Each structure stands twice: as structure tokens, then as C-alpha cells.
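Peer 1: Numbered according to the working numbering, the sequence shown spans residues 54 to 211.
Worth flagging that the hints you see were computed from the coordinates, not collected in a lab.
Among the clues, some could well be false.
Unchecked claim - With a straight-line Cα cutoff of 27 Å, these simulated DSSO-like cross-link-like pairs (lysine-lysine) come out:
id : residue 1 : residue 2
1  : K78       : K158
2  : K160      : K124
3  : K197      : K158
4  : K150      : K197
5  : K125      : K197
6  : K197      : K160
7  : K124      : K150
8  : K160      : K125
9  : K150      : K125
10 : K125      : K158
11 : K150      : K78
12 : K160      : K150
Remember, predicted model here, so these are calculated numbers, not experimental data.
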Amino acid sequence: MLHQTQVTQYLDEQQVDYHLLVQSKPTTSIEDTALERGINPAQMVKCILLRDMGGQLALACVPGDRSVDPKKVRAALNCRRMTCVSLDEVESLTGFKVGTVGPLKLKSSFPVLFDPSLLLQEIVTISSGHSMAGIAINCEALIKLCSPMIFPLCRDHD
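Hey, can you work out the whole structure from these sequences and the hints?
Peer 2: Dropping the structure here:
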């Protein structure tokens with residue numbers, strides 16, 4: 054049985070309905086994770102942490118079957134060149150290990166951006182903060198909780 058995480062505890066405190074999607078085995082790709090959890094990759098909220106040349110951080114969230122275009126994140130935030138944060142920095146900046154970052158309960162405060170295509174899904178899935186479980190949640194409820202900026206963020210050639 055998976056123990057409560059800080060994300061599930063937060064959702065409980067906020068009295069938000071969600072469904073825990075527990076995996077039977079570890080996964081290493083979006084496709085494998087979606088298959089193991091019985092969901093469509095397009096429902097998954099993939100979160101990529103980026104930094105601009107001035108040190109500004111941003112969490113770009115796109116469907117699991119799409120890729121983030123750093124140029125679009127830069128344009129949304131009106132900042133200089135954006136690059137992905139190194140893997141060894143992700144946990145210290147977010148409080149979550151690589152692969153378990155979601156848009157809630159982040160250690161540091163920085164803008165969260167959602168691609169509008171996420172809003173086409175009634176139910177989306179985010180990380181529980183644990184690699185062996187995801188959370189299915191109503192997209193509108195998630196938007197209310199994390200108040201993201203909505204901008205096109207996906208690469209055009211996905």
C-alpha cells in the first residue's frame with residue numbers, strides 16, 4: 054500500500070476529489086507509465102523545469118505525448134533564452150525527484166505554465182510525488198489549485 058504523499062495530503066486538505074493510480078512495477082517512459090496506469094498519454098501532465106539566462110525558473114506543463122518548446126516558454130514569460138534545468142538540480146528546486154514533479158506543492162515559488170491543449174481533457178493525471186503512483190484529477194480543479202498561466206508551449210512538430 055502506497056503511503057500518503059505531500060501531494061495527496063494537500064488534495065485531502067483542499068477537499069479535492071482525486072483517484073490514486075498505483076503501478077505494479079516501476080516505469081521509465083511516458084508510454085510505459087500510461088500503459089501501467091491504464092490512461093492515455095495525452096491525459097498526463099508532463100512537467101519540465103526550465104531556467105532563463107537570468108536565473109528565472111518556470112515549470113512548463115504539456116500533455117505527456119507532446120514536447121515543450123523552450124522558445125514558447127521564453128515568449129510567454131518575455132525573458133531570455135530558456136533551457137532545461139539539469140537533472141541533478143530538479144529535486145533541490147522542486148522538492149521532487151526527476152520523474153515525479155507535478156504542478157502542486159513545489160519547494161520553490163516560480164511560474165507554472167499550462168499548454169491550452171491540457172484543458173481539452175476533463176480528467177488529467179499528475180504525479181503523486183512518488184514514482185509508483187499518479188493522481189487522476191479533474192482538470193478544472195487542478196487549474197484552481199495551481200493557477201497556471203495558459204500559453205501554447207508545445208513543439209509544433211510533435
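Peer 1: Given the hint that K150 pairs with K78, test it: the Cα-Cα distance must not exceed 27 Å.
Peer 2: 17 Å, holds
Peer 1: Given the proposed pairing of K150 with K125, does the C-alpha separation stay at or below 27 Å?
Peer 2: 25 Å, holds
Peer 1: Holds or violated: K160 with K150, Cα cutoff 27 Å?
Peer 2: Given that 27 Å is the threshold and the Cα spacing comes to 12 Å, the pair holds.
Peer 1: For K197 and K160, compute the direct alpha-carbon distance and say whether it is at most 27 Å.
Peer 2: With Cα atoms ~19 Å apart, K197 and K160 stay inside 27 Å; holds.
Peer 1: Take the C-alpha atoms of K150 and K197, compute the straight-line distance between them, and say whether it is at most 27 Å.
Peer 2: At roughly 24 Å apart (the allowed maximum being 27 Å), K197 and K150 satisfy the hint.
Peer 1: Has the given pair, K197 with K158, been kept, meaning a C-alpha gap of at most 27 Å?
Peer 2: This hinted pair holds, its Cα atoms lying about 14 Å apart.
Peer 1: Would you mind confirming whether the straight-line C-alpha gap from K160 to K124 stays at or under 27 Å?
Peer 2: 25 Å, holds
Peer 1: Against the 27 Å threshold, does the CA-CA distance of K160 and K125 hold or violate the hint?
Peer 2: Since the Cα atoms of K160 and K125 sit roughly 24 Å apart, the hinted pair holds (cutoff 27 Å).
Peer 1: K78 and K158: Cα distance at most 27 Å?
Peer 2: Holds, at about 25 Å.
Peer 1: Does K158 lie within 27 Å of K125 when you go C-alpha to C-alpha?
Peer 2: Holds, at about 25 Å.
Peer 1: For a C-alpha distance cap of 27 Å, please report whether K124 and K150 respect it.
Peer 2: Status holds; Cα separation ~25 Å.
Peer 1: Can the restraint linking K125 and K197 be considered satisfied, given a maximum Cα separation of 27 Å?
Peer 2: Given that 27 Å is the threshold and the Cα spacing comes to 23 Å, the pair holds.
The structure agrees with every numbered hint stated previously.
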